[in-house]
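There are 2 protein chains.
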Amino acid sequence: MKQNVEFKTALNLILNSVNKKLRTEFRNVKESLWYTCAVNVKSKYDIPNYDNSAMDGFAIRSTDTQNAKIDNPIKLKIVGEIKAGKVSRLKISSGECVSVMTGSCLPQGADAVIEKEAVEYEDNKIKIFSKVKPNKNIRFCGEDVKKNEVVVEKGTLITPSALGMIISCGYDKIKVYRKPKIGIIATGDELVDVGEKVTYGKVRNVNSYTLSGLVEKYHFKAYNYGIAKDEVKQLKSKLTKALAECDVILISGGVSKGEYDLVKPVLLQLEVKPIFWQVKQRPGKPVFYCIYYRNGQKIPIFGVPGNVVSNYIVFEMLIKPLLYKLEGRNEQEQYFDAIIEEPVEKKLGLRYFLRGVVVQKNGKFYVRTTGPQGSGILMSLLRANCLIVLDERQKNVKKGDTVKIKFI
Amino acid sequence: MKQNVEFKTALNLILNSVNKKLRTEFRNVKESLWYTCAVNVKSKYDIPNYDNSAMDGFAIRSTDTQNAKIDNPIKLKIVGEIKAGKVSRLKISSGECVSVMTGSCLPQGADAVIEKEAVEYEDNKIKIFSKVKPNKNIRFCGEDVKKNEVVVEKGTLITPSALGMIISCGYDKIKVYRKPKIGIIATGDELVDVGEKVTYGKVRNVNSYTLSGLVEKYHFKAYNYGIAKDEVKQLKSKLTKALAECDVILISGGVSKGEYDLVKPVLLQLEVKPIFWQVKQRPGKPVFYCIYYRNGQKIPIFGVPGNVVSNYIVFEMLIKPLLYKLEGRNEQEQYFDAIIEEPVEKKLGLRYFLRGVVVQKNGKFYVRTTGPQGSGILMSLLRANCLIVLDERQKNVKKGDTVKIKFI
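Chains A and Z supply the protein sequences, listed in that same order. Be aware that the first sequence starts at 502, since it is given in our numbering, and climbs by one per residue. Be aware that the second sequence starts at 502, since it is given in our numbering, and climbs by one per residue.
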């Protein structure tokens, strides 16, 4: 087991500890929102799959309008109409037009559509006052997407627009990665749960709910196993249950140097393979990471420090990337540069994750911390719209320095 | 009814057409994630609610360490231990210390905690090698939050960290706004649904799913009423059902000038109050907005143009703000400045919403469009990470101009 590793080492150890994505499943596209595509989705046909009108108006032959002028309109006879969604065998010859709607097929012979608003009516004729270019207001077959073109890549999260694309390309079912099930256990004799009275020396179990909230925010599935008191039997029983049911386990609290920290010894009794303990970061140093083997499946287990902010940061920075990998989701964290508006005292060798508020002024980002940054101070997170990331080699930060931020 | 209004007029007409938020309800905090607070949430107690240790270590009297040096450590006798969550009557005198864990109460007489890692052991004594400042590693009662302090304001969306705060402040139930129910109806003879064959002249019903996906993305509740063919009876029957069950209705398609556009006449038959038709924007011009009265409740109805991109943009820019208002959610859209890297032809008097990709270089945002911007081209949206917003008074845009963007 490695000890006291740098953040990047920790992240690599975590990502390399699992080699397989979870298995795939076919889902009805209607229930596939926020799943991750397990295939390159190719369009089953051209989109649009027929030449059609982009406007409500009249399908015409553009050459007929060659000499149309405001004071010398040309007239075209309306010889029929084509409704959207209807097949039509209509043809037009010179001097004729057909009434069409947005999405209507075009009559044979037509090469443009003039919008309804641009014409005047006279009996069953329309008057056109200016030249219409060929192809005007026509959406051509395959113009948006060609048949067999890859429209959504493997590893893409199915957002509302990706969902629309998959549906428009003709899919009823789609192959996606199964969602990892995340088991959450809180530990600590001092914890009381929602619905219980907070007496002297006790605090509310917050982590189970912020963690499950984060799990759901990023579209994974959370299973809450409640609070395990600092007692071997209870923790072991909850852990055994979670390990049988889940793909990843998050244990909040009980991994620092305190003598009543039972998590590590209990995990070792369960014959996990320890990977690392402690990360050179602030907050969130005492992370314990290990792997449990269940019938050939590797079940990653995180022991996460119990302070609420540490919990949050460790989830964002170390756990979430693993969940993405397990689900095959190709999402890159996006960092931006910002100018910091206050000095920050920093220890060399540690990575800091400060909670900040970023605003844009004159095209550039400026960031401040949200005040006291203690790892128990949830307010520091609640007021933040970003994390400020200061890497290991960074010394004290001066006002005006450029730092990396990440929106949260 | 107003016609062909500017975007801001449309938005104001929409927001002013409803005057009440939906009613409130008490929810178990465990089921309150992504609801909106209907009260200013005040902490029921100080957080922490007792002075406690921020580290695993030893509670000491800082004055004892006054002369501690690396070559002249001072020794303190361990006179007991306090577990986290346990009430303790322990006291320390000069020369004594007590073993504590993160979260443990402090013994009387202690004014600092030294972390376990910084001491050495000798029999039942610890050795300390440098001066410890008073208050070191102590979290004081009320340091994070004072009793009765407002921690989450009315109108705040309950995110994972806000949820944690509400729970830590002692709440089991929380007053939230009821979530608006959004009914979605797609219209058009050319539409076939998921599971049906796409024949010549037909296209997939995409909008029902992108719209319900967007509704869910922003944590509202979508109810899909399927496809109404272009026929009065069917549309009226679906609308009547949705109007009886939902708080807001979105009808996709059927609101342009086409002769088979039935939506407006059917709505007028249902005695809605028309508010406006057509917005000076691209895409998404032919929006129809009206109000239906159901037992004193105003039910907003949007007729949204049927092109997929128009659908998306109208949701983002006009519908979402109304849903926020109905749910009492105080969220401000955030716009940023970016330098555009290509010229854009633009008509004066219209607001444009282009799909773009923004990147940061040398601290500034640079943006490009995602290519062809036709309102039927879903790919333009799928590739985008932002919308580029060009307002009515903007003329053609030159490469290098500063434009407003909004992440999507």
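Hints are not guaranteed to be accurate.
[Claimed, not checked] One side of the interface only, derived from the structure: several residues of chain A facing chain Z at Cβ under 7 Å:
# : residue
1 : TYR551
2 : LEU664
3 : TYR678
4 : LEU744
5 : ALA745
6 : GLY864
7 : LYS896
8 : VAL898
[Said to hold, decoys possible] Computed list of lysine-lysine pairs in DSS-like fashion (alpha-carbon distance at most 27 Å, straight line):
#  : chain 1 : residue 1 : chain 2 : residue 2
9  : Z       : LYS786    : A       : LYS628
10 : Z       : LYS531    : A       : LYS896
11 : Z       : LYS742    : A       : LYS682
12 : Z       : LYS742    : A       : LYS531
13 : A       : LYS786    : Z       : LYS617
14 : A       : LYS821    : Z       : LYS799
15 : A       : LYS637    : Z       : LYS718
16 : A       : LYS786    : Z       : LYS637
17 : Z       : LYS592    : A       : LYS907
18 : A       : LYS634    : Z       : LYS896
19 : A       : LYS531    : Z       : LYS698
20 : A       : LYS584    : Z       : LYS900
21 : A       : LYS647    : Z       : LYS848
22 : A       : LYS899    : Z       : LYS718
23 : Z       : LYS698    : A       : LYS655
24 : Z       : LYS637    : A       : LYS899
25 : Z       : LYS765    : A       : LYS584
26 : A       : LYS587    : Z       : LYS786
27 : A       : LYS543    : Z       : LYS698
28 : Z       : LYS737    : A       : LYS905
29 : A       : LYS900    : Z       : LYS718
30 : A       : LYS674    : Z       : LYS698
31 : Z       : LYS531    : A       : LYS718
32 : Z       : LYS587    : A       : LYS730
33 : A       : LYS907    : Z       : LYS718
34 : A       : LYS722    : Z       : LYS682
35 : A       : LYS905    : Z       : LYS907
36 : Z       : LYS584    : A       : LYS734
37 : A       : LYS862    : Z       : LYS907
38 : A       : LYS531    : Z       : LYS737
39 : Z       : LYS848    : A       : LYS632
40 : A       : LYS742    : A       : LYS680
The set of hints was computed from the structure by calculation and includes no laboratory data. Glycine included, every Cβ here is placed at the ideal spot set by N, Cα and C.
Outcome of the hint check:
1. For A/TYR551, the suggested interface contact is upheld, since its CB lies about 6 Å from the closest CB of chain Z, less than 7 Å.
2. Among the interface hints, the one on A/LEU664 holds; its C-beta lies about 5 Å from the nearest C-beta in chain Z, closer than the 7 Å criterion.
3. Look at A/TYR678: its Cβ only gets to about 18 Å from chain Z, farther than 7 Å, so that hint breaks.
4. Among the interface hints, the one on A/LEU744 is violated; its C-beta lies about 24 Å from the nearest C-beta in chain Z, farther than the 7 Å criterion.
5. Among the interface hints, the one on A/ALA745 is violated; its C-beta lies about 24 Å from the nearest C-beta in chain Z, farther than the 7 Å criterion.
6. For A/GLY864, the shortest C-beta to C-beta distance to chain Z is roughly 5 Å, which falls under 7 Å, so the interface hint holds.
7. Given hint, A/LYS896 at the interface with chain Z, is violated; its Cβ is 21 Å from that chain's nearest Cβ, farther than 7 Å.
8. Taking 7 Å as the C-beta contact cut-off toward chain Z, the hint placing A/VAL898 at the interface is violated, the least distance being around 16 Å.
9. Restraint check for Z/LYS786 and A/LYS628: satisfied, since their Cα atoms lie roughly 24 Å apart, inside the 27 Å limit.
10. Of the supplied pair hints, the one linking Z/LYS531 and A/LYS896 is violated, its CA atoms being roughly 42 Å apart against a limit of 27 Å.
11. Distance restraint check for Z/LYS742 and A/LYS682: the Cα-Cα separation of roughly 37 Å exceeds the 27 Å cut-off, and the hinted pair is therefore not satisfied.
12. Between Z/LYS742 and A/LYS531 the alpha-carbon distance is near 22 Å, which keeps this suggested pair within the 27 Å criterion.
13. A distance of roughly 14 Å separates the Cα atoms of A/LYS786 and Z/LYS617; the hinted pair therefore holds under the 27 Å criterion.
14. Only pairs whose Cα atoms come within 27 Å are accepted, and A/LYS821 paired with Z/LYS799 is rejected, the gap being roughly 42 Å.
15. For the proposed pair A/LYS637 and Z/LYS718, the alpha carbon gap of about 36 Å is over 27 Å, so the pair is violated.
16. Taken as a hint, the A/LYS786 and Z/LYS637 pair is honoured in the structure, with Cα atoms around 18 Å apart against an allowance of 27 Å.
17. With a C-alpha separation of about 46 Å, the suggested pairing of Z/LYS592 with A/LYS907 is violated against the 27 Å cut-off.
18. Straight-line distance between C-alpha atoms of A/LYS634 and Z/LYS896 comes to about 24 Å, which keeps the hinted pair within the 27 Å bound.
19. For the hint pairing A/LYS531 with Z/LYS698, the CA-to-CA distance comes to about 16 Å; that is within 27 Å, so the pair holds.
20. With a C-alpha separation of about 42 Å, the suggested pair A/LYS584 and Z/LYS900 falls outside the 27 Å cut-off, and the hint is violated.
21. With a C-alpha separation of about 30 Å, the suggested pairing of A/LYS647 with Z/LYS848 is violated against the 27 Å cut-off.
22. The straight-line distance between the Cα atoms of A/LYS899 and Z/LYS718 is roughly 39 Å, outside the 27 Å bound, and the hint therefore fails.
23. Our distance criterion of 27 Å between C-alpha atoms is met by Z/LYS698 and A/LYS655, whose separation comes to about 25 Å.
24. Restraint check for Z/LYS637 and A/LYS899: the C-alpha separation of about 25 Å stays at or below 27 Å, so the hint holds.
25. This hinted pair checks out: Z/LYS765 and A/LYS584 have alpha carbons roughly 18 Å apart, not beyond 27 Å.
26. Under the criterion of a C-alpha separation no larger than 27 Å, the hint pairing A/LYS587 with Z/LYS786 is consistent with the structure, at around 25 Å.
27. Note on A/LYS543 and Z/LYS698: the hinted pairing holds, with a Cα-Cα distance of about 17 Å set against a maximum of 27 Å.
28. A hinted pair counts as satisfied when its Cα atoms are at most 27 Å apart, and Z/LYS737 with A/LYS905 does not qualify at roughly 55 Å.
29. The suggested pairing of A/LYS900 with Z/LYS718 is violated, with an alpha-carbon distance near 38 Å, which exceeds 27 Å.
30. Only pairs whose Cα atoms come within 27 Å are accepted, and A/LYS674 paired with Z/LYS698 is accepted, the gap being roughly 13 Å.
31. With a CA separation close to 15 Å, the supplied pair Z/LYS531 and A/LYS718 stays within the 27 Å bound.
32. Between Z/LYS587 and A/LYS730 the alpha-carbon distance is near 12 Å, which keeps this suggested pair within the 27 Å criterion.
33. Proximity of A/LYS907 to Z/LYS718 is assessed by CA-CA distance (about 21 Å); at most 27 Å being required, the pair is judged to hold.
34. With a CA separation close to 24 Å, the supplied pair A/LYS722 and Z/LYS682 stays within the 27 Å bound.
35. Between the alpha carbons of A/LYS905 and Z/LYS907 the distance comes to roughly 20 Å, so the proposed pair stays at or under 27 Å and holds.
36. Straight-line distance between C-alpha atoms of Z/LYS584 and A/LYS734 comes to about 18 Å, which keeps the hinted pair within the 27 Å bound.
37. At most 27 Å may separate the alpha-carbon atoms for a hinted pair to count; A/LYS862 and Z/LYS907 meet this at roughly 15 Å.
38. Proposed proximity of A/LYS531 and Z/LYS737 is supported: the alpha carbons are some 25 Å apart, at most 27 Å.
39. Straight-line distance between C-alpha atoms of Z/LYS848 and A/LYS632 comes to about 20 Å, which keeps the hinted pair within the 27 Å bound.
40. The straight-line distance between the Cα atoms of A/LYS742 and A/LYS680 is roughly 19 Å, inside the 27 Å bound, and the hint therefore holds.
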